[in-house]
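Visitor: All chains should be built: construct the whole structure from the sequences, respecting the hints.
Last residue of the sequence shown: 418 in my numbering, with the numbers rising by one and none dropped.
Among the hints, a few may not be true.
Subject to a maximum C-alpha distance of 20 Å in a straight line, what follows is the list of computed EDC-like cross-link-like pairs (lysine to aspartate or glutamate) [as the list claims (entries may be wrong)]:
id, residue 1, residue 2
1, Lys417, Glu274
2, Lys342, Glu368
3, Lys417, Glu102
4, Lys342, Asp92
5, Lys417, Glu101
6, Lys417, Glu277
7, Lys116, Glu101
8, Lys407, Asp131
9, Lys116, Glu396
10, Lys407, Glu396
11, Lys116, Glu156
12, Lys407, Asp301
13, Lys407, Glu274
14, Lys116, Glu195
15, Lys116, Glu201
16, Lys116, Asp210
17, Lys116, Asp131
18, Lys417, Asp402
19, Lys116, Glu206
20, Lys116, Asp179
In short, the hints are calculated from the structure, not lab data.
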Amino acid sequence: MMTVLAGRLDVRTRSFSVEEVPTPRPGPGEVLVKVEAAGVCLSDVHLIDGTLTPLHLSGDAVTLGHETAGVVAEPGRGVTRWRPGQRVLLQAGEERDGVVWTRGVDYDGGWAEYAVATESTLVEIPDDLPFEQAAIIPDAVSTPWAAITATARVEPARPVGVWGVGGLGAHAVQLLRLVGAAPVIAVDPVAEARERALAFGADLALSPDDPELAARMRDETGGAGPAVAFDFAGVPAVREQAVRCLGRGGRLVLVGLTDKPLTVSDGTTFSYLQQQVLGHYGSADEHVEQLVELTRRHRLDLSRSVSGVLPLTEARQAVDRLSNKEGNPVRLLLKP
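Guide: Here you go:
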């Protein structure tokens, strides 16, 4: 039996290892993709540590990885759109019977030498877009893009706050500048992250521990406060601070995930100022397609987002580096 390497998680024991598995075969309407790059996300870390659990997985083990790019190796029966050699990325999930399934969570993902994908979940990428950059568009870039354009509907020349400048937040800063938000104010406790936020286009970067944070935000926004505050950290204290900084009619958009309660300490002021809290999760197919087009047109540069590339055999080390924030990475990539 032909085998390939894959990064597998046993969801019962939360044990993770890179091991030999049977070479996957594409079924009708599916495509076999030779993986060239796969992103390492905090969601992968949370799957391994037990914070997240697959909802629809059939079986006890899954190949991780929902950010994947590669080359078409073999179209399955009935597939006419895709041919061997085409450069593609894979959407981070798909809808099955009205339910969203996530790649690398509910079915096998891209931490492998080869991955199988439904033909409709492939997106062709331009020849000059490196696989390492293409791989992170689903989720790392598309999640903040969807939060900005679809959930928050950010308007040009309106002030915005970004709490948490990690893998998602760093891209949010870059994308907010792209859509014309101004000023863009980043908040992060790590000095290196604040420096990165400024490099990615933030107008101001503050520490959440700054006792003058709210006052400095008001000064930067002409006394108005942010029209939109994005929480990319998933930390209750962040959310409470962001609400206190919001302006009249301001919206708090929750992108970072947490199982902790959401509290608004001053409900009267929140209501008086007609503020809102909006939940956000993931992105839709069109958001990924929009971002690919923006990279094709050279409107979006993702070269600074690749913090390191490790071989697939060192997937465990990549997880540990991200979990420990070693080097404060935007995205680490695995290459089979």
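Visitor: Compare the structure with each hint and give your call.
Guide: The hints, checked one at a time:
| no. | hint | result |
| --- | --- | --- |
| 1 | Lys417 / Glu274 | violated (26 Å) |
| 2 | Lys342 / Glu368 | violated (31 Å) |
| 3 | Lys417 / Glu102 | holds (16 Å) |
| 4 | Lys342 / Asp92 | violated (26 Å) |
| 5 | Lys417 / Glu101 | holds (15 Å) |
| 6 | Lys417 / Glu277 | violated (28 Å) |
| 7 | Lys116 / Glu101 | holds (17 Å) |
| 8 | Lys407 / Asp131 | holds (15 Å) |
| 9 | Lys116 / Glu396 | holds (19 Å) |
| 10 | Lys407 / Glu396 | holds (16 Å) |
| 11 | Lys116 / Glu156 | holds (9 Å) |
| 12 | Lys407 / Asp301 | violated (32 Å) |
| 13 | Lys407 / Glu274 | holds (11 Å) |
| 14 | Lys116 / Glu195 | holds (6 Å) |
| 15 | Lys116 / Glu201 | holds (14 Å) |
| 16 | Lys116 / Asp210 | holds (18 Å) |
| 17 | Lys116 / Asp131 | violated (28 Å) |
| 18 | Lys417 / Asp402 | holds (17 Å) |
| 19 | Lys116 / Glu206 | holds (14 Å) |
| 20 | Lys116 / Asp179 | violated (27 Å) |
Of the hints listed earlier, those the structure fails to meet are numbers 1, 2, 4, 6, 12, 17 and 20, in rising order.
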